[in-house]
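Asker: Single-letter residue listing:
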Amino acid sequence: MSDLRERLQELADAAARHGRTAGPQAALRQGRRRRLLLAGGTAAGLALVLVASLLGSDRLASRPAPLAPPTTSPPATTSPPATLPPETGPPDVSILPDPGVVERPVGSPSGKYGEQMVRDVASEVARCEGGDPDGPKVLVARGRFHGRTWLIVAKPPRPGEDWLCWSHGLFEASGAGGIGNHGAIPDLPPLQASGSSDLRVGKQYWGQVVGTVTKEATRVRVLFSSGIPPLDLAPIQVGDRFPVNFYSGFYRQPHEDKNLEWFVTRVIAYDRAGRKVAECQAAAGPGHSC
Amino acid sequence: MAGGGSFEEFYSGTVGRLLGQLFPVTGDLHEAEEVVQEAFARAAVRWARLRDYDVPEAWVRRVAMNLAADRARSLHRQASALLRLSPPPEVPPVSVEALALADALRTLPIRQRQVIVLYHLVDLPVEEVARTLAIRDGTVKSLLARGRRALAAKLGEPEEALYPR
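Residue numbers (our numbering), protein chains in the order written: chain B, 23 to 312; chain G, 3 to 167.
Everything labelled a hint here was simulated from the structure, so no lab data went into it.
Quick caveat, the model's predicted, so the values are computed rather than measured.
Watch out, some of these pointers could steer you wrong.
Part of the chain G face toward chain B, derived, beta carbon under 7 Å [stated by the list, open to error]:
| id | residue |
| --- | --- |
| 1 | 96 |
| 2 | 98 |
| 3 | 104 |
Each residue gets a CB set at the ideal place from its N, CA and C atoms; glycine is no exception.
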């Protein structure tokens, strides 16, 4: 009778022999596309960072509160793929599939690669199984953070569908950047958080927290370890086509280099009366979410 | 692998081992392939820094373990009916005993699986297991004890046979 270690080793050896991965080149391509590099900012933005202030008045303030209801023809903000610029960005984005119709109620990012950023993130959403496969992908939020552009694209769920496909992206002005794909999660939770932790500017690292939150919430508080002050974020109102709202914010990492931790420990959503309406816990460490 | 060479060399030298370590955690070979590949993708963009780590493989393993835990939590939210209807997990050909272990591991909470694999397969000390999973040493010991007990019960074998001293 073999002991546990021997049996585990047998499983491991078999997996190593029979497992097939896409290889290092695929990992490099995938990594480049998912990379989330952020420019840092000043300490003034550390203690309290509201999404609206990050976005700037030309972003959220001008956005219509509820998104337009589904239409049978593309709205004026929709740009069919044929109008997109040719492959002018970094090479790795050309492998993305056609995202189909992308609505842009918040307007497209400016700059040479703005359209391509939207298309890249929308392509990730298009891969997700939830929602209407032929329906539009919607750019629900965008903003800038010290020269970088971040985006959130989502696909409206079908009636009765309790999940949501959405992705966020963060790009440098050159169009290089990365995408986080959040896929379809059955039984859509009232609060989700994910993000990145090694967004570098000079010697300073920043982290991002991005997620979805129940529509009851009027404030999202992110708690950190390592003495990082809490971060309060205002949910981004995206209208009735989506069962949740979104939020995004950035925090300053406590160390100057080689800091790969995502220091988020807990995220709490509060309603207008200050009551807690949702909460999620996150263990520290790379690759984590809550 | 400290001060190591190219990412490709690192990948080729470690991917099999990491697949082997993640498979008992995920219980599904395809799932293990996905989380390992994703962890390598995250390592790829940080390679300039990771290559100087004493053990960059530990970083990739940690990310893969976290990704596996995230996926397990997502799956847990699925309806049990859906889980029953889902295809059986992909398991490479192994002995009956190892197959029984894979089945038994799959019934344990993800944290217990991770701790058992990191301690008994990867041979990490308790402190290193705790650091990898960002939990306390005491929690590791507790998870180990509960996991071993549960495994022995699932396998119908006495604990001392599974964990000879």
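Asker: Return the numbers of the hints above that this structure violates; sort them in rising order.
Answerer: Failing hint: just 2.
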